[in-house]
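Kindly generate the complete structure, drawing on both the sequences and the hints.
Each protein sequence line maps, in turn, to chains A and B. Position 236 of the first sequence, counting from 1, maps to 236 under our numbering, and the rest follow consecutively. Position 127 of the second sequence, counting from 1, maps to 127 under our numbering, and the rest follow consecutively.
Simulated from the structure, these hints should not be mistaken for lab results. Check the hints yourself; a few may be wrong.
Said to hold, decoys possible - DSS-like cross-link-like pairs, simulated, lysine-lysine; straight-line CA separation at most 25 Å:
#, chain 1, residue 1, chain 2, residue 2
1, B, K127, A, K65
2, B, K93, A, K60
3, B, K127, A, K25
4, A, K33, B, K93
5, A, K128, B, K208
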Amino acid sequence: MAQTHSNFISGHSNKKISDEGMFMKIERSSEWKEGFEERLENRQVWDNWTLYKMCYEVEKVRLIKDFNGLQAPNFLPGLKPYPHQVEAAQTVIERMNGKAILADEVGLGKTIQAGLILKEYLIRGLVKKALILVPASLINQWIEELNQKFHIPVVQYNKKYDMSYCDIVVCSMDMAKRSPHRENIYNQDYDLIIIDEAHKLKNPKTKNYEFVQNLKKKFCLLLTATPIQNDVFELFNLISLLKPGHLGNFETFQSVFSASKHNVEEDEFLKELINQVMVRNSRHETGIEWTNRRVQIIPLEFSEKEKEVYDMISELKHVSPVFSGAFSMITLQKEICSSKHAAYLTLNEMRKKCTNPEEVSFTDEIIVKISQLDTNTKAEKAYEIIKEANGEKVIIFTEYRASQAFLQNFLYEKGIISVPFNGKFSKSKREWMKQLFKEKAQVLIATESGSEGINLQFCHHVINYDLPWNPMKLEQRIGRVHRLGQEHDVNIYNLAIKHTIEDHILELLNVKIGVFEKVVGELDDILTFKMSI
Amino acid sequence: MYPQQIHQYIRQFFKENNCEIIRESDNFINVQLTIEMDKRIMNRPFYWKYLESTGDEPKPAQLTLITDKNRLTEGIAGEVVHYGSPRLNQLFKVTKELGSFVQMYEEPANPSGEQTILTPWVGVNYKITYSSDRTKEILYSLGINLLTGAILNGFQESICLLNLGSRIAPNTFHVPYIIKPIRALERLDAVIENQILHDDHTWAEEAKERLRKDLLVLEYFYRDIEEADRPECYESEKKAMEEQYETKVKIEVINGGLFYLYTNVG
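See the structure below:
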């Protein structure tokens, strides 16, 4: 049997080494020696000279002559990565020592960067086992890309398998954080952890965060196009997961960067620190010719009847304590801006909680008014845009399933075929819907949860039927079509009803973009204008 | 490696392993595997197990490898191989398994009928890997004269063009060795260790420095918490860093053997 024994050399005979008091571990195996002995004693036959020479030649070709530089691209002649992707991989390995946030804008190929880094570490023997944590909907995409583009055999986590025998594992975050999977994973010794859609780790009070915090992270890549969604503390949390202390601890960070106090100098300092652990390319930095984004905000006026219902809903908080909570009020206001169907569901639920007759009758009155609404200003506008697109493909994003169904029906009556899309669809259904959209239907109507992990470069009109609170969600949506492979300018239409909650949403989106750009870098146009804080 | 080099490599590999080449162009190769090669590379143990139990006639597979997809004009279906592809990596691995140990005799160029005396050598090809969070590899090909104990660097380069055979040629003799081959191997191992000892190890110092800096940052994060009260992730974080930057040296033998040489290489 081959034995591995190691001995230590201290630097007795070498000044340089002994000065530093350095000890180095030498690993060697006695396997070859044993094979040699067997042949000397005629217990085994000798090998072929040509194969012997070929073997040595191959070793010469494959020799990694330098600590720096990437080997992986030589092994992947079919991949043809973009320069910014190769550069990012090299920066992560050589400047960030394998712990980094990959934060390229949506559609620039963060998976390719992560794949290059993983491949490089595998070739160099620095990573034997790796764990890739992703949203469930992206598992298959990761497995496919790593297999086909990188020749890295990956298995999907399965509690029936013995994880000691699975080297590269992809698992959904939701599953990984739960018992007994959590313990299964903790028991393995992973050299590299990759986490996709890492912005989901922004909150340190969540199970996701705690799970990752307790995971041993030798090399670690966090992938997100949106490292800040709302405020700079999210980035603090993300970096503290990757390299605790890099931005100081929470108290010091808070005292320096609490919104009221901080100034430009500190922003510069923060930017510098962030650059030490984060790679971010924006579209125009990649050197690739990008098509333009044409963004329009389309302000709309409610019809008389719609306005009446909106005002009545806003009035509800004065009428009944059931509606006085800010959250439920805002939800309802947003919903009625979307469609009566969306608002009706919520209203009906809340009506059940009303007790006094006055509340009930007022709510009922609204419900009657809602049911009588026969126009939807936004839907009409969306239809207009679709018509003007002249048969070209259009994606509509809405926040509500009820609006999604309504829109599909509404467009159908106008003679426009659409397909629905959301994150709950199985992989095959997603593919099927994508195919239908590509070949049969002019319009795809997606809810928010459908906006990750689907690539639709063949389409270049995006209607944001409802606006989310978070600018990065908008970016995610636009990124579905404005990514590598898009050949046309991309038209984005943001619909917003004047004098309603949607005014506030627009304003808030602007402020948040301001925070993001201060510390992370410029964002491609999401809204049409930018305001600073 | 260019497609032509890969093609040459694959062709040679199968030829040396007695697998018949059925069809080939510059861009693809179609071979009939031997039973032994099928068992090694086709990954179908159940088929072979089944055959053993039924006693049916074995039908080793044929393999078609496309070595240059871009130039392929023939309508050939097969596996595309390129540098880095799993199949080629597998063939490299098998080459190593089948080309680890040799015993070779030089056949003098112009046999004048006189007796020729060969000198015994042990030659070993080593690969050294330095690693921390990065890696670097160095090849050493060392030979040791089993009569004099003289050591030669670049041994493989000196002998690869000689006319060597696996049997001793007629009218040729070799001197019995004075240093036993195993002893010689140990001497070469010592030479390699000494070589490592005297090498420039700035890389290791730099790795230690990276570790030191990262540890400082970590300590800062937890500085307001007493050592004993720190959460588990503090320890695991620290352990991860120590592993990340751990400096290691690995010595591997690629292959080696006994060589009886007429040419004076050293």
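Hint by hint, where does the structure go against what was stated? Just the numbers, ascending. Failing hints: none at all.
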